[in-house]
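Visitor: Please build the complex by placing chain B on the supplied structure of chain A, with the hints as guidance.
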Amino acid sequence: MSTAAAATVPAGTRKGRPRAGGQVSTLPLVGPAVVLLLIFSLVPLAATLYFSVIRYNLVNPLIHGFAGLSNYRFLFADPALLYSLFVSVLLVLEVLAITVIFGAILASLFEARFPGRGIARVLMISPFFVMPTVSALIWKNLLMHPVNGFIAWITRGLGLGVIDFFTDLPLTSVVIIVAWQWLPFAFLILLTALQSLDEETREAASIDGAGPVRTFLFIEVPHMGRAISVVVMMETIFLLGIFAEIYVTTSGGPGIATTNLTFLIYQRALLAFNVGGASAAGVIAIILANILAAFLVRAIGKRLEI
Amino acid sequence: MSARTRVQPVAGTLAWLASLLMFFPIFWMFLTSFKTEVEAIATPPELVFWPTFENYRDIFQRADYVAFAINSVIVSFGSTVIAILLAVPAAFAMAFYPTERTRGTLLWMLSTKMLPPVGVLVPIYLFARDVDLLDTRTALVIMYTLMNLPIVVWMLFTFFKETPKAIIEASRIDGANVGQTIFLVLLPLVMPGIASTALLNIILSWNEAFWSLNLTAHNAAPLTAFIASFSAPEGLFWAKLSAASTLAIAPILVFGWISQRQLVRGLTFGAVK
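So the protein sequences, as listed, match chains A and B.
All letters in the first sequence, in the order written, are residues 1 to 306 by my numbering.
All letters in the second sequence, in the order written, are residues 1001 to 1273 by my numbering.
Just chain A, with the same shape it has in the complex:
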C-alpha cells in the first residue's frame, strides 16, 4: 500500500510542476505544417466534390448549371470506369508482388560476402534514380520494340519469335517497367533490415542444419516483416498514382487496356475538357485511396513505434 503511494506521488508532482528544461508550446511548431497540409488536402477535395455535381466544360461555356448526380450516373454507366479501377489495383498488386519477392531474395543474396559487393549494389539501385519518363521511353523503344528492340533480338536468336509487348501484353509491359523502377527501393529497405539480423541467430540456424533456403524462409523473411510493411505502404502510395509510364508508352491503350484511374481522369479532364465528369472520377479515386489508406495506416501504425 505504502509502496504504491510512494510510487505514484513523484509521478503526480512531476506532472504538476513544469518539467525541468521548460515545457514547449508545440502548437506554433507543428501548426504551419499541419495547416498547410490541411488546406492542401481539404480545399481541393471540397472543390473536386463541388465540380463533380455541376456541369462544367472548359471549352464550352454553354454547358453549365447544377448536375446533381448525373456526372456520377454517366460515369458508372461507362465500362471504362470499372475497368480502370481493375487496372489500378492489378498494377499495384503485381508490382508489389514482384518487388517484394525479388527484393527479399536479392537482399538475402547481398548479405553474403563477395568481391565487388559495393559496386554491384550501386548498379542494382540505379534504376530508382531514373525518372519515369526516361525509363518508359528506353524500355518502350530500345528494349521492347518488336523489330529493332534488344529483347526482340534475343528472343529471335533463341528461336522464340518476337513478342510485340505493347500490343500483345500491354499491361504486363507497363508492370515490367514499373517493377524495374521500384525493385531497387524494396531491395534497399529490405537489405537494411537484414543487416540488423544478429549473427547468433544465423549461426544457430546453420548449426541446426538449415540450408540457405530454409534460413531465408524461416529466419530472414520473418525478420524483414516490419520493413516489408514499410515497402508495401510506400509503394502503394506511389503506385496508385502511376501516370508517366502510361502516358509515354501506351497512352492508356490499346483500347483501354492500360487505362488506370489516374489516366482516365487525365483523359476526361485535360483531353475532353469535361471537368464535371473528371471530378466525379476524382472523387472515386479519393474514395478508393481512402479505403486502402484506412487498411494500410492501421496495419503500419501498429507495426511502427511512434
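Take the hints with a grain of salt, since some may be wrong.
Quick list of the computed label-pair ranges, beta carbon to beta carbon [as the list claims (entries may be wrong)]:
1) B:F1183 to A:G31: 38 to 44 Å
2) B:T1052 to A:I207: 55 to 61 Å
3) B:A1195 to A:V122: 37 to 43 Å
4) A:G65 to B:E1054: 38 to 44 Å
5) B:F1027 to A:S70: 51 to 57 Å
6) B:F1049 to A:A77: 52 to 58 Å
7) A:F273 to B:W1108: 51 to 57 Å
8) B:I1173 to A:G225: 36 to 42 Å
For the record, the hints were derived by calculation from the structure and aren't laboratory data.
It should be emphasised that the depicted structure is a prediction, and the values quoted were computed from it without experimental measurement.
Each residue gets a CB set at the ideal place from its N, CA and C atoms; glycine is no exception.
Guide: Quick look at chain B alone, frame taken from chain A:
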C-alpha cells in the same frame, strides 16, 4: 568461421548477375547515345562502333537543355529546402514533446500522401490558371513541397527520436530558447538524417512527372517534360532519344551514387532498428 565472413561464390554470382541485368537498360541507353541513328536501330545490335558525339551536339542545338535542367534544379532544391524548414519544427515538437495527438497527427499526415494527385488535379489546375501560376516554377515548388511534406516530417521525426531527449532538456535548462535549441543543439547532431531526408526529397521531386507534365508547358518545364516531348511519334530517333535521356538522368544518377549510403539510412522510416 561464421556465414557472414566467408566468401559465398554462389550468392555472389547470382547477386552480380542480377545487378548487371538491372543496370543493363541504363548501360544500353548510354551506349546507344554514342551511336549514329542507323547504328542505333540496327539488328543485330552493333556492339563495336566508332563513338559519335553528334547526338549530344544536336540536342544542345535543338532544345534548350540547360533551361530544362535549371528548372529541374530550382524546383527540386527549392521545394526540398522549404519542406525541411516547415518540417523541422513540427518533427522537433512531435519527437521531443509528444502529446496524445502526436500519433494521430503523424498517421493523418501520411494519409494525406495517399490522396491521389489525380483526384485533385482539376481544382488545382483551374486554381493555378486563375492566379496565373500555370507554367511557373512557383507552382511546381508549391506542389512538390506539399507533396513531400508528410514524408519529410515522418523521416525527420524518426531521426529526431534517436537523439537523447536529455540533450534537448539540458540546453533548455541552460536557457536556450526553442530556436536556439533546434539550430545550435539539435541540427548539428542530426545533420546526417537531414541530409538523407533532403536527398530522398530531391530525387522524388526531380523525377516527379505528374504535376510537371500537367502544370507546365514551356517556361517552367523540367527535365521530365523535356524527355516526354521525345515520345511523340516522329520516327526512330533512338540515338538522340538516348542522348537526351542520358543528359536528363545523369545529374541525379551521379548524385544518387554519391549519396547512396546516406539515402539508405533515411529510407527505412524507423522500421529498422
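Visitor: Evaluate each hint against the coordinates.
Guide: Against the structure, the hints:
1. B:F1183 to A:G31: 38 to 44 Å: Roughly 19 Å apart at Cβ, these two residues miss the hinted range, so it is violated.
2. B:T1052 to A:I207: 55 to 61 Å: At 60 Å between Cβs, range holds.
3. B:A1195 to A:V122: 37 to 43 Å: Violated - the Cβ-Cβ distance for A1195 (chain B) and V122 (chain A), about 18 Å, lies outside 37 to 43 Å.
4. A:G65 to B:E1054: 38 to 44 Å: At 58 Å between Cβs, range violated.
5. B:F1027 to A:S70: 51 to 57 Å: holds, 53 Å
6. B:F1049 to A:A77: 52 to 58 Å: holds, 56 Å
7. A:F273 to B:W1108: 51 to 57 Å: Since F273 (chain A) and W1108 (chain B) have Cβ atoms about 34 Å apart, the given range 51 to 57 Å is violated.
8. B:I1173 to A:G225: 36 to 42 Å: Cβ of I1173 (chain B) to Cβ of G225 (chain A): about 41 Å, so the range 36 to 42 Å holds.
Hints 1, 3, 4, 7, counting from the list given before, are not met by this structure.
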